[in-house]
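Residue numbers (numbering that gives the first Met the number 0): 0 to 140.
Possibly wrong hints are sitting among the right ones.
[What the hints assert, rightly or not] Each pair of labels, with its calculated beta carbon distance range:
(1) Met102 to Val131: 36 to 44 Å
(2) Ile107 to Ile43: 33 to 41 Å
(3) Leu73 to Leu101: 44 to 52 Å
(4) Gly124 to Ile65: 31 to 39 Å
(5) Asp104 to Gly37: 22 to 30 Å
(6) Glu17 to Ile84: 17 to 25 Å
(7) Leu86 to Ala111: 23 to 31 Å
(8) Glu110 to Gly37: 29 to 37 Å
(9) Ala20 to Val128: 36 to 44 Å
(10) Ser47 to Ala129: 29 to 37 Å
(11) Ser47 to Leu82: 36 to 44 Å
(12) Leu76 to Met102: 34 to 42 Å
(13) Thr136 to Thr68: 26 to 34 Å
(14) Glu110 to Leu70: 17 to 25 Å
No lab work stands behind these hints: they were computed from the structure.
Cβ coordinates follow ideal geometry from the N, Cα and C atoms, glycine included.
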Amino acid sequence: MSQSYNRGLVEDFGRWKEFSAGMWAWIFHKFTGWILIGYLFTHISVLSTSLGAAGNKAAIMDETDIYTTTLQGLEGLFLIRLLEIGLLAVAVFHILNGLRLLMVDLGIGLEAQDKSFYASLVLTGAITVASVPTFLTGVGI
């Protein structure tokens with residue numbers, strides 16, 4: 000019933016080597032945007048399930064309510080701390096790349112798009128690395 004159509008080699012996986020910095024910036028921006036949307040829904044889901052006894056003021060003062068114990072339990076997991084570092088890196092890159100795109104749309108720095116993309120990557124790495132000790136040692140909840 001259906002005819003076969005030869006489109007050639009559609010899955011040319013070697014093309015990524017030819018991508019310019021602008022293409023990588025676009026790919027990373029879309030990827031980080033989807034990660035942030037996924038985090039937002041996960042965050043809302045976890046918080047909404049832990050608000051069971053929100054009206055019990057005595058439990059809140061004793062820090063035995065569901066919300067506080069859920070957050071303390073999650074913060075105690077090393078994996079969650081690593082995921083928070085990743086979330087910070089994703090958010091910082093998405094913000095910096097968004098500012099870079101805003102400048103490009105305004106006509107500022109059109110000739111230096113590659114350099115500004117690399118600068119946003121380096122700045123993201125620096126901010127993330129500088130904040131690793133804070134996430135791993137943690138601050139009191």
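Does the Cβ distance between Ala20 and Val128 fall inside 36 to 44 Å? The hint (36 to 44 Å, Cβ to Cβ) is violated, given that Ala20 and Val128 are roughly 22 Å apart.
Taking 29 to 37 Å as the stated bounds, is the beta-carbon spacing between Ser47 and Ala129 within them? holds, 33 Å
Does the Cβ distance between Glu110 and Gly37 fall inside 29 to 37 Å? holds, 35 Å
Could you check the hint for me, namely that Asp104 and Gly37 are 22 to 30 Å apart, CB to CB? holds, 26 Å
Regarding Leu76 and Met102, is the given constraint of 34 to 42 Å on their beta-carbon distance met? Holds, since Leu76 and Met102 (Cβ atoms, about 39 Å apart) stay within the stated range.
With 17 to 25 Å as the target window, see if Glu17 and Ile84 comply at their CB atoms. violated, 32 Å
Range first: 31 to 39 Å. Now tell me if the beta carbons of Gly124 and Ile65 are that far apart. holds, 37 Å
Do the Cβ positions of Leu73 and Leu101 conform to the proposed distance bound of 44 to 52 Å? violated, 34 Å
Would you say the C-beta atoms of Thr136 and Thr68 sit inside 26 to 34 Å of each other? Violated: the Cβ-Cβ distance is about 21 Å, outside 26 to 34 Å.
Taking 23 to 31 Å as the stated bounds, is the beta-carbon spacing between Leu86 and Ala111 within them? holds, 29 Å
Holds or violated: the 36 to 44 Å window for the beta-carbon distance between Ser47 and Leu82? violated, 19 Å
For the range 33 to 41 Å, tell me whether the beta carbons of Ile107 and Ile43 fit it or not. Since Ile107 and Ile43 have Cβ atoms about 36 Å apart, the given range 33 to 41 Å holds.
Hint compliance for this structure: hints 1, 3, 6, 9, 11, 13, 14 are broken, all remaining hints hold.
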